[in-house]
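Q: The lines below spell out each chain.
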Amino acid sequence: MRADGERPESHDWLDDDAGPLVRSFALTGGRAKPGAATFDLLSHVTAAPFAVQRSTIHLQPEHRAILARARDPVSVAELASHLGYGLGVVRVLLADLLEAGAITKVDAPSDHLPDDDVLQAVIHGLRTS
Amino acid sequence: MASEPADGRARPVPTAIKILIAGGFGVGKTTLVGAVSEILPLHTEEVLTSESMVSDDLSGVEGKTTTTVTMDFGRITFGDNVVLYLFGTPGQDRFWFLWDELALGALGAVVLADTRRLADCFPSIDYFERRETPFIVAVNCFYGEQPFEADAVRNALALDPNVPLVMCDVRDRKSGREVLIALIEHVRSLRLARL
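Those sequence lines, one after another, are chains R and V. The first sequence begins at 115 in our numbering and counts up one residue at a time. The second sequence begins at 4 in our numbering and counts up one residue at a time.
Straight-line Cα separation of at most 25 angstroms, DMTMM-like style, residue types lysine to aspartate or glutamate; simulated pairs:
(1) V/Lys177 with R/Asp231
(2) V/Lys177 with V/Glu188
(3) V/Lys177 with R/Asp230
(4) V/Lys177 with V/Glu41
(5) R/Lys219 with V/Glu49
Note that these hints are calculated values from the structure, not bench results. Quantities reported herein were computed from a predicted structural model and do not represent experimental measurements.
Work out the full structure: start from the sequences and follow the hints.
A: Set out below in structure tokens:
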């Protein structure tokens with residue numbers, strides 16, 4: 115604290131609410147939007163075999179954390195939730211990994227809903243489990 | 004090798020089914036998701052910048068450039084290859100635009116209603132009617148009591164006769180699952196009617 119009472123390094127845009135802003139910036143190099151790829155909440159991603167060795171980009175710890183969670187297919191919503199980065203950040207990191215060939219992505223079809231036998235199986239499961 | 008599956012192969016991608024849990028603030032959406040989910044309810048955060056809130060009234064909060072919306076969700080898996088995801092919609096009206104992403108590809112929606120504040124669920128009903136998303140109304144009977152008959156609630160909501168209305172206790176796992184079954188049966192009957 116300086117004698118005039120002002121905080122050192124004070125910025126208009128860095129107030130108490132700036133936590134997510136700073137975190138996003140730090141994890142994604144300031145990028146707020148992923149590249150061309152889109153990641154729906156229920157898109158599933160899977161780490162490619164030998165993803166870390168074969169990656170064509172330098173992997174940050176956050177990229178590695180995603181790969182560790184994606185040994186089996188995992189939804190974008192679950193990844194964001196488990197890692198606690200926020201959806202926007204996770205989408206940027208996933209776009210990096212997709213571009214680097216480190217993950218594969220399967221989108222949930224938005225125009226095709228499950229067949230009736232799937233719905234019947236779900237009803238049966240809800241009744242009996 | 005952390006990212007390498009033990010047997011060199013990942014499991015197949017499951018069929019994902021999305022169901023939305025909507026309704027007014029404090030009606031019990033989070034409780035319902037928690038009661039039926041096999042995992043503790045998860046949260047995803049969407050950090051919004053002022054760019055994505057252009058239609059918002061920012062007067063008085065001009066200095067604030069980001070805000071965080073939390074979406075609750077739960078999961079129920081069936082065998083190896085079907086996963087049901089439940090998403091609680093954000094309660095605040097000003098996050099309506101997020102609903103469009105949530106509603107995209109959704110099988111249907113449950114609109115939770117509280118008879119003490121029935122009007123709170125009108126916006127949700129309007130939304131799903133406009134989008135033609137299949138939905139049912141589930142009336143939460145707090146403490147197992149419900150002073151109104153189903154027909155009285157139906158009339159008060161001016162509900163289409165084809166939209167099912169069920170009573171439930173959102174804290175109860177079995178009751179919550181019955182609500183989901185009612186929705187899926189409704190979706191199936193709509194399909195059959197189209198054939």
